[in-house]
Each structure stands twice: as structure tokens, then as C-alpha cells.
Amino acid sequence: MRRIERMIEIAAAVLREIFDESAYQRFLGRTRMVSSPQAYAAFRQEYEAAKSRRPRCC
Amino acid sequence: MKNISQGLLWLIVATAGALSLSTVALHRGEQINAMWLVLAALCTYALGYRFYSKFIAAKVLALDAQRATPAERLENGRDFVPTHKWVVFGHHFAAIAGPGPLVGPVLAAQFGYLPGTLWILVGAIFGGCVQDFVILLFSVRRDGKSLTEMAREEVGRLGGFVAYLAIISIIVVLLGVAALIVVNALKASPWGTFTIVMTIPIALLMGFYLRRLRPGKVLETSVLGFVLVLLAILGGQWVSQSPALAPWFTWSAPALAVAIIVYGFAASALPVWLLLAPRDYLSTFVKLGTIGLLALGIVALRPTLHMPPFTRFIDGSGPIFAGSIFPFAFITIACGAISGFHSLISSGTTPKMIRREIETRMVGYGAMMAESMVAIMATIAACVLQPGIYFAINSPSGIVGKVPEVAAATISSWGFPVSADGMRALAQAVGEQTLFNRTGGAPAFAVGMAHIFSTSLGGQALMAIWYHFAIMFEALFILTVLDAGTRVGRFMIQDALGHVWKPIGRTSWYPSILATSGLIVAAWGFFLWQGVKDPLGGINSLWPLFGIANQLLATVALCVATTIIIKMGKVRFSVVTLVPLVWLVAVTFTASWHKMFDPNPRIGFLSHARQLASSAAPGHETVRLIFNDRLDAIVTGILMLLVTLILLESAWLWTRVLSGRREFEVKESPFVTTRFAVEEQG
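Chains S and A supply the protein sequences, listed in that same order.
Numbered according to the numbering used here, the first sequence spans residues 1 to 58.
Numbered according to the numbering used here, the second sequence spans residues 1 to 682.
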């Protein structure tokens with residue numbers, strides 16, 4: 001049972017990383033902001049600048 | 001006791017692998033179940049990972065559990081973040097898996113199921129997985145440096161320059177051919193076109209929800225977007241049956257091509273891509289879901305393969321693309337076996353997330369195995385179709401004829417029976433006007449996937465929904481690759497031209513943005529337009545060009561890897577990268593030579609141009625086709641020259657190092673002990 005719980009936790013963590021939710025949480029922690037439309041706009045601005053230079057694989 | 005039981009377990013895996021592989025390879029006459037392919041693949045991956053990757057990790061790369069990674073040393077909460085190995089694995093897999101492993105194997109199925117399957121397995125275990133693993137590790141040991149930077153530092157300035165040109169070439173050809181796949185999937189399809197058009201307002205809505213209502217809740221937003229896309233698919237059926245609305249979404253191939261070119265330019269040059277960004281998440285969500293669903297479908301339904309192991313087209317006379325198994329099967333399937341593009345991901349975001357050096361094996365080697373499995377599933381999706389249907393969908397009208405009865409008769413004469421009525425019924429079942437001449441691989445994959453699911457989930461009644469779900473998934477994903485790729489290409493051109501004239505390098509200067517966006521869109525738009533206007537369907541010319549460009553990048557990556565291994569003083573172990581390198585050089589050179597100089601006009605660009613020139617009085621269209629052929633030959637020649645240059649520079653360096661004229665010196669970051677090893681022990 002514990003192992004299944006752990007697998008679900010990891011799967012959720014994978015999805016949060018793929019969908020940048022973890023990156024947003026790290027951003028909030030780093031900038032000491034609380035989640036809000038303004039904080040998310042600031043995160044996107046910083047994040048997109050780096051992300052837009054990353055190639056997507058074929 | 002533990003050793004004996006483990007040995008026994010691996011003996012069982014090896015036996016099962018040998019049995020399933022021999023069934024797949026030697027079975028003749030009767031159709032086989034797709035599960036044999038799945039079992040053969042799983043056993044091969046298990047053995048490859050357990051033994052070969054372990055050998056590389058221990059002997060060649062000497063992974064050090066005590067060495068801190070850049071994610072730990074340079075941790076900043078932004079780029080460098082130590083991350084759990086399974087999270088990095090998932091992130092890396094999501095970044096490397098695109099439409100390539102789905103399209104390439106579908107096209108290569110014209111040779112039968114066996115050549116593609118064997119190349120996917122052998123190519124991945126000894127080539128693709130090794131490339132991804134070693135480049136990832138070498139990038140980790142160099143503070144997450146990119147392939148271009150490593151090529152410049154370890155091979156030389158020429159190596160860096162060739163890597164840059166290879167990346168630009170592959171981006172341009174990839175975007176052109178990817179856009180062509182979307183055009184061929186959506187042309188004269190009001191259902192598909194409506195669904196894709198609807199993703200734009202859905203993305204805007206998702207953007208509003210994500211920014212204003214639930215900041216940062218991307219997964220929740222993606223689920224919402226997914227539900228809306230499903231509604232759009234259902235709405236598409238209604239639109240396609242509406243005499244008033246259907247004509248609005250029934251577009252010809254040239255009209256779709258123009259729309260995609262305008263879209264690509266707008267996404268790169270205007271700030272609209274910020275609004276479209278949520279669609280990127282949506283496409284990732286749909287991609288992961290579809291791959292998972294397809295895997296479940298194949299395992300649960302265990303479909304039968306109708307395609308024979310070999311078809312008559314192994315002689316090189318294939319209707320989808322001309323050319324024999326060697327070298328064309330090996331450049332047609334790149335992603336899924338070995339893809340140079342992966343080296344950009346392995347030296348991009350992933351090395352900055354690796355927590356422990358020893359985890360590069362699981363992430364680099366393991367994620368590529370997972371992608372290879374996706375390619376096996378695509379092979380299955382194509383091969384569950386009756387071969388006649390497969391060839392009817394994928395063959396261009398220039399080969400089989402435009403009239404359905406003529407096309408069906410031509411394909412039947414090859415020994416793959418199909419009837420025009422049968423194809424009409426199938427088109428009706430999937431909600432399309434016709435399925436003839438839908439080159440590009442995506443429609444055949446979609447029909448295969450719909451076929452697998454409709455045998456249980458919803459039956460024939462849901463076949464049209466499944467088909468359009470698969471088309472939507474591929475088109476959506478390709479369009480996000482297209483807008484992201486155009487922006488990456490634009491930045492690369494700005495960076496390069498910025499050395500010549502500084503203002504061009506300013507990424508916020510609008511004239512520069514417009515000019516460089518126009519340049520990159522014009523480059524891939526040219527290939528797209530060429531493909532749309534090509535009577536042979538475009539895929540015949542462009543997919544091999546893409547394969548050559550992709551394998552060129554893999555050649556650059558393997559040259560860098562071999563150079564570093566030699567400089568590490570492990571010359572005898574350099575065979576692990578040298579063997580796939582030699583193979584890729586043989587494949588790339590042979591394919592390039594054939595594409596340029598083969599006397600068969602269906603293969604050689606120049607002989608095709610000569611044939612056109614010698615035909616009846618050349619009109620405007622013919623002159624354009626001749627120009628395209630000659631340009632394609634020049635592009636192929638340039639790619640071949642680039643391979644030669646990087647090889648010569650690498651070989652020159654190897655000779656100098658081995659003869660003692662240059663020191664064995666690698667440019668790694670200094671050793672720092674990791675704190676994670678101590679934490680784990682404590």
C-alpha cells in the first residue's frame with residue numbers, strides 16, 4: 001500500500017514538473033510572493049524568456 | 001542464492017526475448033499477434049538496460065556517485081534544480097517524444113513490419129539510447145553545456161559551427177515536413193480543420209483561466225482544455241455534416257499551407273504566442289494521454305498484424321517513398337531508433353535537473369527506450385491495417401492515380417487487395433470524404449489507432465471519433481512544435497547575425513524580429529509549399545531530407561562523444577559511440593548520394609529534374625519543379641559536406657591525441673563531493 005502511495009506521489013510530481021506547476025512554486029519560494037494573477041504574470045514573463053529558446057523534439 | 005535467482009530471472013527474460021524475436025523475424029505465411037512485437041521489445045529493452053547500459057555506466061563513463069552535479073552546485077531554483085530521478089525521467093521523456101516516433105515507423109511500414117521493428121530495437125539499444133545517455137552525462141560534467149558549446153570546446157571551432165548549421169538545417173526541414181503532415185491530414189477535412197481551429201479560442205480561454213482565475217493551476221486548466229477539445233471534436237462531426245458550415249472548414253492543401261505559414265509567422269513575430277502558450281500544455285497533456293491510451297489499447301486488445309514481415313517494396317520501388325531498405329529505412333525511422341535532435345534536449349534542460357550523476361543512466365538511456373517503445377506502438381498501429389488500406393491512404397496520386405477506382409486497381413495489382421467501395425465505406429466510417437492519397441503518415445496512424453480502439457471501446461460507432469481524436473492529437477502537437485521551432489530558429493538566426501550587425505542580435509528590436517521571423521518562416525515555408533505542390537506527395541522528397549538532417553545532428557553528437565571518450569583515455573571503449581557513428585555515416589552518405597545522383601527519377605533529385613526537363617515543353621510549373629529538385633540536391637550536398645567536415649576535424653583530433661601530439665585533456669567542471677550521497681547514507 002505504501003509503495004502504491006509512493007508511486008502515485010511520484011506520478012503527480014512528474015506531472016507537476018512537466019506542466020510547470022513545480023517551477024511556479026519554486027518561483028514563489030524564490031521571490032517570496034504569494035500566488036496571485038500578478039505573481040503568475042511575473043513568473044510567466046521570467047519563464048517564457050528561457051522556455052522560448054528551448055527546441056521541441058520531433 | 002540471490003545471485004542464482006537473479007541469473008535465472010535474466011535467463012528467462014533472454015529466452016522469452018529470443019523466442020519472441022525469432023517469432024517476429026521468422027514467422028511466414030500467417031498473421032501474427034502484435035503482442036509478439038511488444039514482448040520482443042520489452043525483453044530487448046530489459047536486457048539492453050540491465051547489461052549494456054550498465055557496462056557503459058561502469059566501464060566507459062565511470063559514473064561517480066560521489067560527484068556533485070550542476071543542479072546541486074549551481075542550484076538557483078530556476079534553471080538548476082536538483083530533481084527526483086523519476087520526475088526528470090518523465091520531464092525528459094515528454095521533451096523528446098514528439099510526432100517523429102509516430103510518423104517515421106508508419107512510413108517505414110511500406111517495407112513490412114520487420115525491417116522497421118528490428119531497426120527500432122537495435123538502433124535504440126546500441127545507438128539512440130547510448131547517444132542520449134553519454135551526451136547527457138557529458139553535459140552534466142560540464143555545467144549543463146549545450147551540444148554546440150561542447151562541440152566547440154572538445155572538437156574545435158569547426159565542430160561548433162557545423163553543430164550550429166546542423167541544428168538550423170534540421171529545424172528548417174523538420175518544420176517544413178511537419179507542416180506538410182498537418183496539411184495532408186486536414187486537407188478537405190472540415191471535421192479535422194474545425195477541431196484544430198477551435199483549439200485557438202480554447203487556448204485563449206485556458207490562458208484567461210490560468211492567469212486570472214486559478215494562477216499556476218496548469219494541470220487543472222489542461223483538464224478543462226481537454227474537455228473543451230473533446231467537445232470540439234464532437235462539434236466537428238456536426239460541422240462536417242452541416243451543408244452551411246462544412247464549406248467554411250473545407251480547405252484545399254495550398255490554402256491550409258498558406259494559413260500555416262501565416263500562423264507560424266504570427267506566432268514568432270507577434271506577441272500572440274503568449275496567448276497561445278496554454279495550448280502547449282494542452283498538446284503535452286493530450287500527447288501523454290494518447291500514448292498511454294494506445295499502450296493500454298494494444299495490451300488489452302492484442303490486435304493482429306495484417307502487414308507481412310516484408311513487402312515487395314524492399315527492392316526500392318515503394319509508393320510512399322522510393323529507395324531500398326538500406327539506407328532509406330534507417331533515415332525514415334530516426335526518432336524511435338536514433339535521433340540527433342535528442343542530443344539538444346540531453347544537453348539542454350535535463351542536465352540542469354539531474355540530482356545524482358548515477359541517475360543519468362536511467363534518464364538518458366531509459367527515456368530513449370520509452371520513446372523507442374512508442375515507435376513500436378506506431379508500427380503496430382500501421383500494421384494492424386489491411387495492407388491495401390495502408391497503401392491506399394499513404395500512396396500519392398502521382399503514383400496510384402487520382403481516381404479511386406484506378407488507385408484501388410493499381411494497389412490491388414501489387415498484391416494488396418483493396419476496393420474503391422471499401423475505401424469509401426472506411427472514409428464514411430471515420431467521417432471523411434476520402435482517405436485516398438493522404439500521405440504523411442498521420443492519417444494512416446489515426447486510422448490504425450481508431451481500428452484498434454473501435455474493436456472494443458464503442459465499436460464502429462465511435463470509429464470516427466477515435467480517428468479525429470488521433471488527427472487532432474497529431475495536428476495539435478505538430479503545430480506547437482511548429483510555433484516553438486520557429487521561435488527557436490528565429491533566436492538562433494538573431495544570435496548569429498548579431499555577430500555581423502549588432503542591432504539584429506537584439507531580441508526585442510522589432511525590425512529584427514520581423515526580418516528574422518520572415519527568414520525562418522520563408523525557409524520552412526518553401527519546403528512546405530514544395531511538398532504541397534509536389535505530384536508525388538512531398539513526403540517522398542522531404543522526409544528523407546529530414547532524416548538525413550536529423551542523422552547529421554546525431555553524427556555531430558557521436559563525434560563529440562567519441563572525442564571526449566578518447567580524451568578520457570578510454571580509447572578501447574570508444575567503440576560504444578564509434579560503431580553507431582560509423583553506421584550513421586554509412587547511412588547518411590549512402591542516402592545523400594542516392595538522393596542526389598540515383599538514376600531512378602523517383603529517388604534522385606537530379607535525375608528527376610533531368611526527366612522533367614526532357615519531357616514535353618516545360619511550362620511554368622515544370623520549371624519550378626526542376627528548380628525545387630536542384631535546390632533539394634544542393635541542400636543534401638551541403639548536409640553531406642557538413643558531415644565530412646565534422647568527421648575530418650574529429651579524426652584529425654583523435655589522431656593527434658592518440659599519437660601523443662596532443663594531451664589527453666577534457667574540459668570538465670572540477671570535482672565537488674555531493675551532499676546527497678552522505679544524506680542517503682545517513
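Honestly, the hints are just simulated from the structure, not real lab data.
Do not rely on the hints blindly, as some may be mistaken.
As the list claims (entries may be wrong) - Reference listing, derived: stretches of chain S covered by chain A, where coverage requires no fewer than 3 residues with Cβ under 8 Å from a Cβ of chain A: (1) 29-43; (2) 46-56.
Claimed, not checked - Computed far set for chain A versus chain S, every beta-carbon distance over 10 Å: (3) 167; (4) 215; (5) 217; (6) 253; (7) 266; (8) 281; (9) 284; (10) 288; (11) 341; (12) 349; (13) 370; (14) 416; (15) 550; (16) 590; (17) 649; (18) 666.
To be verified - From the structure, some residues in chain S lie toward chain A, with a derived Cβ separation under 8 Å: (19) 3; (20) 5; (21) 8; (22) 10; (23) 13; (24) 15; (25) 18; (26) 19; (27) 20; (28) 21; (29) 24.
Here the structure is a predicted model, which is why all the values come from computation and not from measurement.
Don't be surprised by glycine CBs; every beta carbon is placed ideally from N, CA and C.
Status of the hints after comparison with the structure:
1. Under a criterion of three residues with beta carbons nearer than 8 Å to beta carbons of chain A, the stated coverage of the stretch 29-43 of chain S is upheld, 9 such residues being counted.
2. Counting residues of the stretch 46-56 of chain S whose beta-carbon sits less than 8 Å from any beta-carbon of chain A gives 8, enough to reach three: the coverage restraint holds.
3. Chain S draws residue 167/A into its interface by the beta-carbon criterion, the shortest separation being 8 Å against a cut-off of 10 Å.
4. Interface exclusion of residue 215/A from chain S breaks down, the closest Cβ pair being 3 Å apart, not more than 10 Å.
5. Not every CB of chain S is more than 10 Å from the CB of residue 217/A (nearest about 7 Å), against its label as outside the interface.
6. In this structure residue 253/A is separated from chain S by more than 10 Å, as the shortest Cβ-Cβ distance comes to about 22 Å.
7. The beta carbon of residue 266/A sits about 15 Å from the closest Cβ of chain S, which is more than 10 Å, so the claim that it is off the interface holds.
8. With a closest Cβ-Cβ approach of about 6 Å to chain S, residue 281/A is found to fall inside the 10 Å limit, against its non-interface label.
9. With 10 Å as the threshold on Cβ separation, the claim that residue 284/A sits away from chain S is violated: the shortest Cβ distance comes to roughly 6 Å.
10. With a cut of 10 Å on Cβ distances, residue 288/A falls inside the contact zone with chain S, its closest approach being about 8 Å.
11. With a closest Cβ-Cβ approach of about 5 Å to chain S, residue 341/A is found to fall inside the 10 Å limit, against its non-interface label.
12. The beta carbon of residue 349/A is not kept farther than 10 Å from every beta carbon of chain S, the shortest such distance being approximately 6 Å.
13. Here residue 370/A stays apart from chain S, with its beta-carbon at least about 12 Å from theirs, past the 10 Å limit.
14. The Cβ of residue 416/A sits about 29 Å from the closest Cβ of chain S, beyond the 10 Å cut-off, so the non-interface label holds.
15. Against chain S, the non-interface label of residue 550/A is violated: not every CB pair exceeds 10 Å, the least being about 7 Å.
16. Residue-level check passed: residue 590/A sits 22 Å from the nearest beta carbon of chain S, beyond 10 Å.
17. With a least beta-carbon separation of about 24 Å from chain S, residue 649/A lies farther than 10 Å from that chain, consistent with its non-interface assignment.
18. Every Cβ of chain S is farther than 10 Å from the Cβ of residue 666/A; the closest lies at roughly 26 Å, confirming the non-interface assignment.
19. At about 13 Å, the closest approach between the beta carbon of residue 3/S and any beta carbon in chain A exceeds 8 Å, and the interface hint on this residue is violated.
20. Nearest Cβ of chain A to the Cβ of residue 5/S: about 14 Å, over the 8 Å cut. The hint is violated.
21. Interface hint status for residue 8/S: violated, as the beta-carbon distance to the closest one in chain A is roughly 12 Å, over 8 Å.
22. Contact between residue 10/S and chain A, as hinted, is supported at the beta carbon level, the nearest pair being about 5 Å apart and thus within 8 Å.
23. Hint status for residue 13/S relative to chain A: holds, with the closest Cβ pair at about 5 Å, below 8 Å.
24. Annotation: interface hint on residue 15/S holds; nearest CB of chain A at approximately 6 Å, less than 8 Å.
25. Given hint, residue 18/S at the interface with chain A, holds; its Cβ is 5 Å from that chain's nearest Cβ, closer than 8 Å.
26. A hinted interface residue such as residue 19/S counts as satisfied when its beta carbon comes closer than 8 Å to some beta carbon of chain A; here the least separation is about 4 Å, so the hint holds.
27. Because the closest C-beta pair between residue 20/S and chain A is about 6 Å apart, less than 8 Å, the hint holds.
28. Given hint, residue 21/S at the interface with chain A, holds; its Cβ is 5 Å from that chain's nearest Cβ, closer than 8 Å.
29. Evaluation of the residue 24/S hint against chain A yields a held restraint, the C-beta minimum of about 4 Å falling below 8 Å.
When held up to the earlier numbered hints, the structure conflicts with 3, 4, 5, 8, 9, 10, 11, 12, 15, 19, 20 and 21 and fits the remainder.
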